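With these hints in hand, go ahead and build the complete structure from the sequences.
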Amino acid sequence: MMLLSRLKPFDEIRDHLKDFETLLLLACNGCGESFGNAEPECLKSIEAEIEKMGLDVADILTVDFLCEQLLVRHWLDHANCKENFDVILVVSCGIGVQVVSKESQQPTYPACDTITIGARLGQAWGRESCKECGQCILPQTGGVCPLTACSKGLLNGPCGGSQEGRCEVFPETRECGWHLIYKRLEAAGRKDLLVGRPLIKDFSLSEPPEELVSLRNEILAKGEETL
Amino acid sequence: MTIAELAKKKDFIVTAELTPPKGADYEDTLKKAQDMSGCVDAINVTDGQSALMRMGSLALCHLLRERDIDPVLQLTCRDRNRIALQSDLLNAFALGVRNVLCLTGDHVALGDHPEAKQVFDLDSVSLLWAVQKLNKGVDMQGNTLKGATDLCPGAVVNPNASPVEPQLLKMERKIEAGARFFQTQAVFEIFRLDPFVKTAREKNVPLLAGIMVLRTPAMARFVNRHVSGFQVPEDLMAELEASPDPTRTGVQIAARTINEAKGFCQGVHIMNAGKQGLVQQILAEGGITRAA
Ligand code: SF4
Ligand code: SF4
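First to last, the protein sequences are chains A and B. Read left to right, the first sequence gives residues 1 to 227 (the working numbering). Read left to right, the second sequence gives residues 1001 to 1292 (the working numbering).
The hints are simulated quantities; they were obtained by calculation from the structure and are not laboratory data. None of the values given here were measured: they were computed from a predicted structure. Certain hints may be false.
What the hints assert, rightly or not - For lysine to aspartate or glutamate, the following EDC-like pairs were computed, each having C-alpha atoms within a straight-line distance of at most 16 Å: (1) A:Lys131 to B:Asp1121; (2) A:Lys102 to A:Glu41; (3) A:Lys191 to B:Glu1165; (4) A:Lys191 to B:Glu1172; (5) B:Lys1031 to B:Asp1088.
Below is the structure:
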């Protein structure tokens, strides 16, 4: 598995979590393990940082393949029976975050920026849902990725052509991604995120930096030794 | 004069749309422009509209300027990345073009080159923001420019969107990003403009209502199928179909909408008037007279 994601800076995570109290830390054990973000030590350090932000970590849960919708549904039911939490922080690629966001009642935020998914395990999706842009903006877009959910990959709101929630380009087959985003943000009381300074992507961030590539190779080599 | 300046000087602004030729021969296109130039304040030149490959907007804007016609450069994000877009904005300024309508652009799947790679590095909002930067003498990355531009950026809203709120929020976002005028997508029912006119008034940005000329029932059906963002209402379809002279009826419908827009919007933007002489007819019928 060639997944590469990088933890977001904690300053950014803090900004996303500032209105919440109790958090579920949900990590993907699938491809994530090959990179290390879902390793127990890493999760411990994320937990410590979260607590420094003044939030309680209700539970840390690792699931094999957050891209498996049924699995996610099962574990979220389980977590909701056991604990109270008002926000979920997901350690996975952008696909996992979007599956959790779809299945959860609580606001869901990414802990990582997804840089590349060279190959993919888990459930095959009908359509790519993460373009590994290296600068995850799911917090601003209600957990729906505009780069993949919108036919034009627009970042700053719908083009004028959407009618009744369908995409103007492929009305028969596609929902308008921005309609989905609008609905989500409306439900979350966060329509304020639809105005303000435009989002402009830094495409240089989708190139894996050398130090991450070599770190990944180290982790992979370590994995091979223990096999 | 820029659209923003015109709005301060005049009660009612009229712009019309011109589509560059599919090919190297622009004589007919220029003739159309010269024909209508006497009764409009500025002419928008489209940029690969409906994702159809044509002559570019800037070349025609330049040819219009040479003939003392004020152009509005339409600039879309489909075919160029941020480097090319900023460079084209500088090109436009160098050639004396001042009005720039910032658009996202239609998806390539809708046009005549569906195999093309589309860009969308920026979108309409970030393009407006880029213009604002160039006007301040820096590029998007913050590098200092040798000479700032003085462009007048405008934008489009679609009053027919449903639901309407996401469009309104986007309109606000466009104003924040520097939009100094709006030209709307075609409207047939003027009440749809209400919330947009309200926002435009609050923010003091002129808004020109989009008027589309329906020349034949077949053409109305064609735009319903192929032009995204609006539908011709059924009663108007019926009116066209029942008419012995549909073009005449189309002109009357357009003139009616113009009359309704008076006193409500700062002007109108006439689209798709293709055939020579139609813009003049519509304006005369709509009670807008101007020295040719
Ligand atoms: S914004 Fe979209 S493409 Fe970028 S990392 Fe997030 S899910 Fe992936
Ligand atoms: S209709 Fe919606 S999904 Fe389709 S291109 Fe426009 S904004 Fe994107």
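Against the 16 Å threshold, does the CA-CA distance of Lys131 of chain A and Asp1121 of chain B hold or violate the hint? holds, 14 Å
With a cut-off of 16 Å on the C-alpha distance, tell me whether Lys1031 of chain B and Asp1088 of chain B pass. Since the Cα atoms of Lys1031 of chain B and Asp1088 of chain B sit roughly 26 Å apart, the hinted pair is violated (cutoff 16 Å).
Pair hint outcome, Lys191 of chain A versus Glu1172 of chain B [Cα-Cα no greater than 16 Å]: holds, 12 Å
For a C-alpha distance cap of 16 Å, please report whether Lys191 of chain A and Glu1165 of chain B respect it. The hint holds at about 10 Å.
Can you confirm whether the C-alpha distance between Lys102 of chain A and Glu41 of chain A stays at or below 16 Å? violated, 28 Å
Hints 2, 5 from the list above are not met by this structure, while the remaining hints are.
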